[in-house]
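J.: The numbering used here puts the sequence shown at residues 1 to 194.
Keep in mind that the hints were calculated from the coordinates and are not lab data. Here a beta-carbon is modelled for each residue, glycine too, at the ideal position from N, C-alpha and C. Treat each hint with caution, since some may be false.
To be verified - Label-pair distances were calculated between CB atoms; the ranges are:
1. Gly106 / Gly32: 23 to 33 Å
2. His101 / Pro30: 34 to 44 Å
3. Ala21 / Lys96: 24 to 34 Å
4. Asn137 / Met82: 21 to 31 Å
5. His95 / Thr15: 45 to 55 Å
6. Gly32 / Arg123: 35 to 45 Å
7. Asp50 / Ala81: 21 to 31 Å
8. Ile36 / Arg139: 22 to 32 Å
9. Asp109 / Val29: 38 to 48 Å
10. His101 / Ser62: 23 to 33 Å
11. Met66 / Ile36: 27 to 37 Å
12. Asp72 / Lys20: 40 to 50 Å
13. Arg123 / Pro86: 19 to 29 Å
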Amino acid sequence: RESMMQQTSRDEEGTLAYVKATGNLFLKVPQGWKEIQVLAKSNGKKVYGDYLNLVALNQPHSGNMMGLDMADRMCYEQAKAMGLAPNYRAFMSSHKQDLVHVVYPGFRDSLPVTNLRGDVIFRNWQSIFIGNGGPVNPRIPIYSFDGRDVLADPFWPKKSIWHGSSSRGLRVVDKHCETWHADDFSVMVPRWAL
Numbered sequence: 001r002e003s004m005m006q007q008t009s010r011d012e013e014g015t016l017a018y019v020k021a022t023g024n025l026f027l028k029v030p031q032g033w034k035e036i037q038v039l040a041k042s043n044g045k046k047v048y049g050d051y052l053n054l055v056a057l058n059q060p061h062s063g064n065m066m067g068l069d070m071a072d073r074m075c076y077e078q079a080k081a082m083g084l085a086p087n088y089r090a091f092m093s094s095h096k097q098d099l100v101h102v103v104y105p106g107f108r109d110s111l112p113v114t115n116l117r118g119d120v121i122f123r124n125w126q127s128i129f130i131g132n133g134g135p136v137n138p139r140i141p142i143y144s145f146d147g148r149d150v151l152a153d154p155f156w157p158k159k160s161i162w163h164g165s166s167s168r169g170l171r172v173v174d175k176h177c178e179t180w181h182a183d184d185f186s187v188m189v190p191r192w193a194l
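Put together the whole structure using the sequences plus the hints.
T.: Pasting the structure below:
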């Protein structure tokens with residue numbers, strides 16, 4: 001990897017490099033080298049056709065998301081950058097919305113919730129909010145938009161989804177990091193442990 005960094009100016013943009021010692025794959029981009037995530041083999045049931053994706057942002061965030069609109073915008077931009085349909089929304093409640101209502105009513109019961117590989121995480125959207133906290137199967141990865149498994153990657157030190165909702169997906173008044181503008185530990189937010 002170090003030798004790759006030393007040769008950066010000599011390599012053309014678009015060059016692929018494979019590091020045998022670690023099994024990592026890199027792509028030369030204008031700013032240097034970007035690791036290409038190679039997704040591991042799936043352990044779960046796959047879905048083909050219509051589905052809802054549960055995807056993490058490319059970096060972990062505290063409660064300060066600069067508000068729901070900015071969180072939605074980050075989802076939109078990261079999905080678009082990866083060539084995905086830019087219709088992703090933030091998985092969180094706020095003073096404006098309940099998490100359970102983020103998905104269009106016609107899709108809440110009919111479409112499975114999957115990861116980026118199509119592995120089923122939940123039977124459907126409604127099954128997340130039946131009152132048991134939406135337990136996630138630890139053998140089914142949740143990927144970030146850039147393909148990292150957030151359950152295994154040490155870049156995500158806290159294995160939790162902070163969402164500001166009750167176990168039924170309803171907003172918990174005063175429990176959404178001051179409308180997602182605060183990251184102080186004194187502002188407690190409902191979350192799921194992963």
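J.: Against the structure shown, which of the earlier numbered hints fail to hold, in ascending order?
T.: 1 and 3
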